[in-house]
Amino acid sequence: MRIVKIAGLLILLAFAIAFPLLFPNPAITTVAVFTLMFAAAATAWNIFSGYTGYIALGHAAFFGTGAYVMAILCQDWHIPAGYAPFSLLPLGGLVAAIFAVPLGIIALRTRRHTFIVITIAFFFIFQLLAYNLRGLTNGSAGLSLPIPTWSGDFYNEPFYYITLAILLLALAVSWWVRNSKYGLGLLAIRDDEDRALGLGVKTGPSKLAAFVISAFFVGMLGALNAYFVEAIFPPFVFDPLYDVAIALMTFMGGLGTLAGPIIGALILEPTQQYFTLIYGENGWYLVIYGALFIVIILLLPRGIVPTISERWARWRASRSNMTEQVIVPVANGSSTGDNQAVRPLAETSEGVKEGNL
Amino acid sequence: MNILEVQNVSKAFGGIQALNTCSLTVEQGKITGLIGPNGSGKTTLFNVITGYERVDSGEVQFNGRRITNSSPDKVFAMGIGRTFQLTRIFPRLTVLENMHVAAQRHNLKGLLSRWSSSHEQRRAIELLDFVGITRLKDVPAANLSYGQKKLLEFAFILIAEPEVILLDEPAGGVNPTMINHIGARIRELNQQGVTFLVVEHNMEFVMKLCDTVNVMHRGTKIAEGPPEAVRENPDVLDAYLGG
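The listed protein sequences correspond, in order, to chains A and B. Those letters in the first sequence? Residues 7 to 363, per the numbering used here, in order. Those letters in the second sequence? Residues 9 to 251, per the numbering used here, in order.
Here are the simulated BS3-like pairs of lysine-lysine, each with C-alpha atoms no more than 30 Å apart in a straight line: (1) Lys117(B) x Lys11(A); (2) Lys117(B) x Lys208(A); (3) Lys82(B) x Lys208(A); (4) Lys11(A) x Lys145(B).
If you're looking for bench data, these hints aren't it; they were derived computationally from the structure.
Take these sequences, add in the hints, and give me the full structure.
Structure representation (structure tokens):
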């Protein structure tokens, strides 16, 4: 079973690596780059919001910060076009992460709805600053970046592989967090924060660390996005829909799961791009996009991954029950009585409903 | 020796005096009972000891150290574990994951290690065996019955090996067989040296289990002594019957 799983993941990885060679059409690879960017952002967002249950709707502030760091540094440091700007990506992430520390300390004093509202407020402060700090951001006229020295059918490929690398890194961090004691503490915070604190979980620093980690990745993606689109403007890099998008992708795939954010991004981003292509900019695509979303929420309210894994478990349970029914009459006898006697008291007196498992 | 000492603690919520210069001692190695009518301040006292509420005045000492108004994680790390009246477990985590939440994280390296390969894993299974719910280890805790949740909450505080355990109504809302099971587990741990402070309304349970019993009424302690003596105390009868 484990070998099948690893083999499956390796095949997926090979497919992801070979994708630009299999589909070299720039129209397709452009969609692929945006999709991977959203998959990475949703994965990073999930490390904080999915595991702790604190829904942050202000990560576009970190995305925009990363984008402006990239644009400003390319200008001020006279970074030549080519592969050199890619080396600034970690700096974009780092600056976003540094901004995330005080924001996190303030916002994480609150919980639930208040927390969501405060993160949205932070986002709008950043957007306003991008419009108004003209000396730094050039206001609504925006900033332009160096234009990559490669072009044609090859144009998207460096971006594709760098985005894929960031996605894999975010996924590795997410996997490690999910399996570590630290991550278990985050999940405990999601379920009952005060109880977790009373069991020795350092809830404050744990939440802040997850917030900063997610901001780092989103900042890095903002920087990469800026170089990819070549020019940035306040409403596009500080876009409230960006927050809605990564949250919806994660909800759809499965909040707090490893694969969920990626699956959500793989479905929603190409769909959106496709509808934009077909219906142009007239906004009809938003109606279809919204309707699709409602349908999925109605059918899979907890997200794709949890729903499917539950149905899979139920199907396996029902199958093993069927085989048991065949075997039981033969194996029945004194052994059942012995089992009853040996069973710990808690199980016999309370009775577990196997069907619910 | 007194392992836990509460000295003249007062705590008000608005106009309600939940604790009124309340003092209480818990002797090391004993099972101390805490009874009293509803609203007499038993749970508030637990909250004050474990850092969930700040005191208005007074002091709490543990092993001779002042722990008044320490945060809950520090109190737990010092060796005081507690359960809640309405059990508080982590419903979306599996039973085994629940067990590891309270496993100590002394340093960064510990935090970054995988919980499932930690040295506590064997201990977690032992404790699940101890309370008898090992079979349910991979089940989400939300799917447990009320009694099983109580056992889980009891088991997961044990992983940190607390010196003192405060139990808030361990026998509340569970069937008689389960009550006996829980009582036997408490006694077994007590024989290994764990000190208990137990809030309970089930008098039979308290009388059988406890070495001494404290009675609270209107935010303060009105009686203390061996179970039989407390049962005959006129003040106690007054508090329960006269209001």
